[in-house]
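Chemist: Below are the chains, spelled out letter by letter.
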Amino acid sequence: MTPSIEAVQLTKNFGSFPTVSGLNLKIQGTKCVGFLGPNGAGKTTTMKMFTGLIGTSSGSALINGVDVEKDKKAALASCATLIETPEIYASLTPKEALGMLCEIRGVPRSERNKRIDEALGRVKMTEWEKKKVGSFSKGMKQRVNVASTLLSDPEIIILDEPSTGLDPRGMSEVRDIVRSLGDRLVFMSSHLLAEVTEVCQEVAMIDHGKLLVYDSIENVTSKFAGGGGTVEVGFAREVDDQVRAKISRMPGVKSVAKSNDRHLSVSFDSKVVSLDGLFESIAGLKAGAVSFEQGKGLEDAYLSLIKETL
Amino acid sequence: MSGSQTKARVGTLAQIGTITRYNFLNYFRARRFYVMLAIILLISLLLTVVVGYYRPVSFLGLPGEPVSTAVLGFYGAGWGGFVSLVVILSAAFFGGDAISGEFQNRTGYFLVPNPIRRSAIYVGKWLAALVASTIILAIFAAITLANGLYYFPGNVPWQFEQSFVFAWVYLVAALSLTFAFSSLFKSSSISILMSVILLLFVFSVVDTVSSAVVGIEPWFSITYGAGIITSILMVQYPPHLQTQSLGSALGGANRTGARFEITTYNATVPEGLEILVVYFIVMAVIGLWLFERKEFT
Ligand SMILES: Nc1ncnc2c1ncn2[C@@H]1O[C@H](COP(=O)(O)OP(=O)(O)OP(=O)(O)O)[C@@H](O)[C@H]1O
Ligand SMILES: [Mg+2]
Numbered sequence: 001m002t003p004s005i006e007a008v009q010l011t012k013n014f015g016s017f018p019t020v021s022g023l024n025l026k027i028q029g030t031k032c033v034g035f036l037g038p039n040g041a042g043k044t045t046t047m048k049m050f051t052g053l054i055g056t057s058s059g060s061a062l063i064n065g066v067d068v069e070k071d072k073k074a075a076l077a078s079c080a081t082l083i084e085t086p087e088i089y090a091s092l093t094p095k096e097a098l099g100m101l102c103e104i105r106g107v108p109r110s111e112r113n114k115r116i117d118e119a120l121g122r123v124k125m126t127e128w129e130k131k132k133v134g135s136f137s138k139g140m141k142q143r144v145n146v147a148s149t150l151l152s153d154p155e156i157i158i159l160d161e162p163s164t165g166l167d168p169r170g171m172s173e174v175r176d177i178v179r180s181l182g183d184r185l186v187f188m189s190s191h192l193l194a195e196v197t198e199v200c201q202e203v204a205m206i207d208h209g210k211l212l213v214y215d216s217i218e219n220v221t222s223k224f225a226g227g228g229g230t231v232e233v234g235f236a237r238e239v240d241d242q243v244r245a246k247i248s249r250m251p252g253v254k255s256v257a258k259s260n261d262r263h264l265s266v267s268f269d270s271k272v273v274s275l276d277g278l279f280e281s282i283a284g285l286k287a288g289a290v291s292f293e294q295g296k297g298l299e300d301a302y303l304s305l306i307k308e309t310l
Numbered sequence: 001m002s003g004s005q006t007k008a009r010v011g012t013l014a015q016i017g018t019i020t021r022y023n024f025l026n027y028f029r030a031r032r033f034y035v036m037l038a039i040i041l042l043i044s045l046l047l048t049v050v051v052g053y054y055r056p057v058s059f060l061g062l063p064g065e066p067v068s069t070a071v072l073g074f075y076g077a078g079w080g081g082f083v084s085l086v087v088i089l090s091a092a093f094f095g096g097d098a099i100s101g102e103f104q105n106r107t108g109y110f111l112v113p114n115p116i117r118r119s120a121i122y123v124g125k126w127l128a129a130l131v132a133s134t135i136i137l138a139i140f141a142a143i144t145l146a147n148g149l150y151y152f153p154g155n156v157p158w159q160f161e162q163s164f165v166f167a168w169v170y171l172v173a174a175l176s177l178t179f180a181f182s183s184l185f186k187s188s189s190i191s192i193l194m195s196v197i198l199l200l201f202v203f204s205v206v207d208t209v210s211s212a213v214v215g216i217e218p219w220f221s222i223t224y225g226a227g228i229i230t231s232i233l234m235v236q237y238p239p240h241l242q243t244q245s246l247g248s249a250l251g252g253a254n255r256t257g258a259r260f261e262i263t264t265y266n267a268t269v270p271e272g273l274e275i276l277v278v279y280f281i282v283m284a285v286i287g288l289w290l291f292e293r294k295e296f297t
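Chains as they are written, first to last, in the numbering used here: chain A, 1 to 310; chain B, 1 to 297.
Bear in mind the hints are in silico, worked out from the structure with no lab data behind them.
Do not rely on the hints blindly, as some may be mistaken.
[Stated by the list, open to error] Subject to a maximum C-alpha distance of 20 Å in a straight line, what follows is the list of computed EDC-like cross-link-like pairs (lysine to aspartate or glutamate):
hint, chain 1, residue 1, chain 2, residue 2
1, A, K271, A, E218
2, B, K294, A, E198
3, A, K271, A, E293
4, B, K294, A, E84
5, A, K258, A, E232
6, A, K70, B, E295
7, A, K26, A, E202
8, A, K31, A, E218
9, A, K95, A, E129
10, A, K73, B, E295
11, A, K70, B, E271
12, A, K31, A, D167
13, A, K31, A, E198
14, B, K294, A, D71
15, A, K254, A, D276
16, A, K131, A, E96
17, A, K138, A, D167
18, A, K258, A, D240
19, A, K246, A, E280
20, A, K254, A, E198
21, B, K186, A, E84
22, B, K186, A, E87
23, A, K223, A, E202
24, A, K73, B, E217
25, A, K132, A, E118
26, A, K223, A, E238
27, A, K286, A, E232
28, A, K124, A, D167
29, B, K294, A, D276
30, B, K186, B, E274
31, B, K294, A, E87
[Unchecked claim] So the derived list for chain B, only partly shown, Cβ under 10 Å to chain A, looks like this:
hint, residue
32, G17
33, R21
34, N23
35, A30
36, R55
37, N114
38, R118
39, G154
40, S210
By construction, the Cβ of each residue, glycine as well, lies at the ideal position given by its N, Cα and C atoms.
Pulled out of the complex, with its shape left as it was, chain B reads as follows (with noise of 0.2 Å):
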């Protein structure tokens, strides 16, 4: 070694990039990337299979029916049915662990005493999860976009286009929160499953409460925000309000006279969008916030 210096500083931008890059190469060969793939051509299969043999209403719409009223309801029950739980998956195997995996393998001692703040660490490592969860809904669009075509040919909704931007904004927002949940926790494992048990169970269950039983709307939780995935692929989008009394639903037998009514709020896309970007911008903070405390003890 001579004594030429070469200790050229070098800037964040390119040492996010650099984590970015070998993060994502990391991904890329490890086999989480392929179980996730598995999954959505899983799903997809199913949903061909389903779709071709069957012939479902709900998918091929029924007969007589305009033909852009049919399509929706192809992409809606297809798309729409799944997408969340691919974008939950994605954001949990590729963000659930980012952070706490650094201390549980051991791997930050190789990464984090070196001349990098540990917030470029973080953001690199973000992106290199958004590209790869990107991938693996890009593939799934695209795998329901050749199936649409098949049976609609020419015909791309544009709800279908919004919808696919709308899932990637909810991935966004998803992992932002699932890296908070990463930095939050010491075990990859437990990170993964609370973040998986609170993005499929935990925040549908308040939105629920939250909307029929106590009457709020659920503004504060992000799988509400998210429902403009699925709004957006109705005919008509539904209403931000509807109130249905109970008594009426199950056909006039309230003879009591009490009433149950029950309410179902949908986020308008301004609105959803709103939640999504500020779960996006809040869940980064936090997360960045706990990674720089977090000790490698």
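Pulled out of the complex, with its shape left as it was, chain A reads as follows (with noise of 0.2 Å):
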């Protein structure tokens, strides 16, 4: 069976206040999904009301097919989730949290002490397995909190913001977990465009509690990022001022700055050249270049999306 994460009219209020309204997305299959919006949308919310922390108002929230509201247990059964930042008890060791936890995740008991090894290595918190959690700073406690994901091969991964509260080099360690995770449906919200660009390949957006769209990145960016994008070309030397402007009087280029040394930030638009035409064009300069990389098309699009609805 093809792991599956559907709301159907799936609906909060707090109050009379609507959080989630009439939420319809069906997500299906092995891909990463990430899940954006401005703060306060309700990715949270709807995050919670798909692992039972809070019940729905109305609607419902179906994971592989069986109601979280009616039958947690059952739903979350090959799941695993990290939902913003969660505390362990404070006199546990991170390897006696995730023994709980595979425990309960019914990890067979020969494969326990493995499974935690690999996933404490992983966040790199080895040399942390013993010492208890009440003494972890924010970062240590979010890392022992991603490990916990990586405990019972789960065929759904459901991630709020799992990046919080890490060091630059905790988050692109999270982002390599993400990438790595390979045959699971993932679901991970996130304010961190580059990190959805680069880990994900399909995007839900919401605001105010609505799905604005839901598509592939290259589709969405291709609709609402207006028509333009941004490459990063990246180059084995150092550029010089004429390959600048050679660039800059490229058809369809809007602009060229210049990022470091080596690497230059070309903003085009989309109606006049293609995102591949403009990759041969540079290549034909023969200037070194060595790296193309999309940039900021899902960036675009998000500020498009977002400021329409406002």
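Hints in hand, dock the two standalone chains.
Modeler: Written out as structure tokens, the structure reads:
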């Protein structure tokens, strides 16, 4: 069975205030879906309904077809979750806390130690595995929380801003972890659009508790990024102003900014020049271009979508 | 990570066991357990010193009194005088924030979004609290017993054994009540405070007002039911209903002819046990119901 997450007319009111209203979203298959939206849009609230932390006001949240509110145990049977920033019993060690989750999730006894060691290794917390969590910093705790999602070989992983509170290396490690999750359905909320672009294939955007769009990143970018985009071009050697000038004279190029000695940020109008056309032209300069990364497309799409609804 | 699926569903009983073990570990390492231990050791030390030094009649009996009467006095004054406090403090310490703490400290975010029923978490935590507070109660009983055997060698009245069992049943009921309180409030300190105030003061006041002033048997009160813990240690189990005319109690000074009667009720053993068991069940149902509906917001 392919893993799935589905919201059907999912609604949550706090008082009379609708936080999530009539959300319909069906995600199916093994892929990573970014969940985007401004502060207070209802991302966490939606994810809490999917994990049984709060009830629904109406509608339903289904995981693999099972209604979370009716049978959380069955719905979350092959799910790992990380919602907001959980705390761990202060007097337990990471090893013990993860041991508890292994038991709850049914990781076979013979595999538990291996899984725990592996997970703690992935988040670089091995050296702390026997210290009490109570003395940990926020980021260290979050690393253990991230490790907790790697224990039970889940089909579905729900992550709510997993890199909250992590240092730059930690964020990049989380990115690598999420990317390496492979054959799973990952549903991840994030404000880091670069992270989402890097690890996700699709995005769902919500605002004011309503779904704005759910599509692949390419489609969202090409539809909503205002017909333009930005690419980050990397060079093997320092780029001189001559190269920069040549690129800025190419058709469709709106501006060229120097990101650093070896990187140029090129923004272009996709109605005039296609991404591959631009790539070929820049490569044709033989100026030592070595990388070509699609940059702020998602950010542009995000900005135009979110602005439109305010 | 391999593709091998390891989603053997875990039975609810096994999950309850898991929650109990780790919560007990957490209790056992927390300061609270040692504060509670210090409290009972202090009480025990005081009792030991007072009895050993002053040799009060209330503990050691009058000269010429039968030993069977004196030994009951010893257990009644020492154990009987403090066991309620020990039960109440244990129930409040270990149960008063068991659920509210999961919300306030955000540990629930680690535990709840897992394939486990909330009721399994509740029951598991309750059992952990029961084990922790039973240890406290047992230590208190053991010290009492050691003292008792010193003054009355080889003489442990059956009433003390029963009193211990009743105290444990009271503990079970009180924990059920404090757990329900901890599901009601979101703040740990408020739920602990409310539990202590309720069990230590409110119920006793209700008992007194109800029986002495209104003249209704306080069958609805948990502390009334818990009265059997001390009643059993009396030489004569107190009568179910005692009426005392205030006039005669004051030495026949009521020239006006007005009659004030003070009624005192004492729960019989079956009645007391029944009250405690009903408290346990009703509070467990209420607590579970509250926890199932409580939201992590
Ligand atoms: N307990 C509550 N009572 C009232 N309103 C609430 C409650 N919890 C959340 N809300 C409201 O619900 C809305 C959505 O909150 P939510 O946490 O889901 O947003 P979010 O998309 O996760 O935002 P962020 O990006 O800041 O994490 C907010 O406007 C918030 O004020
Ligand atoms: Mg949020």
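Chemist: All hints are to be evaluated individually against the structure, with a verdict given for each.
Modeler: The hints, checked one at a time:
no.	hint	verdict
1	A:K271 - A:E218	holds (15 Å)
2	B:K294 - A:E198	violated (37 Å)
3	A:K271 - A:E293	holds (19 Å)
4	B:K294 - A:E84	holds (18 Å)
5	A:K258 - A:E232	holds (10 Å)
6	A:K70 - B:E295	holds (15 Å)
7	A:K26 - A:E202	holds (12 Å)
8	A:K31 - A:E218	holds (15 Å)
9	A:K95 - A:E129	holds (5 Å)
10	A:K73 - B:E295	holds (17 Å)
11	A:K70 - B:E271	violated (40 Å)
12	A:K31 - A:D167	violated (26 Å)
13	A:K31 - A:E198	holds (13 Å)
14	B:K294 - A:D71	holds (16 Å)
15	A:K254 - A:D276	holds (16 Å)
16	A:K131 - A:E96	holds (10 Å)
17	A:K138 - A:D167	holds (10 Å)
18	A:K258 - A:D240	holds (10 Å)
19	A:K246 - A:E280	holds (14 Å)
20	A:K254 - A:E198	violated (24 Å)
21	B:K186 - A:E84	holds (18 Å)
22	B:K186 - A:E87	holds (16 Å)
23	A:K223 - A:E202	holds (14 Å)
24	A:K73 - B:E217	violated (45 Å)
25	A:K132 - A:E118	holds (19 Å)
26	A:K223 - A:E238	violated (35 Å)
27	A:K286 - A:E232	holds (17 Å)
28	A:K124 - A:D167	holds (12 Å)
29	B:K294 - A:D276	violated (54 Å)
30	B:K186 - B:E274	violated (31 Å)
31	B:K294 - A:E87	holds (18 Å)
32	G17	holds (8 Å)
33	R21	holds (8 Å)
34	N23	holds (8 Å)
35	A30	holds (6 Å)
36	R55	violated (43 Å)
37	N114	holds (5 Å)
38	R118	holds (8 Å)
39	G154	violated (43 Å)
40	S210	violated (39 Å)
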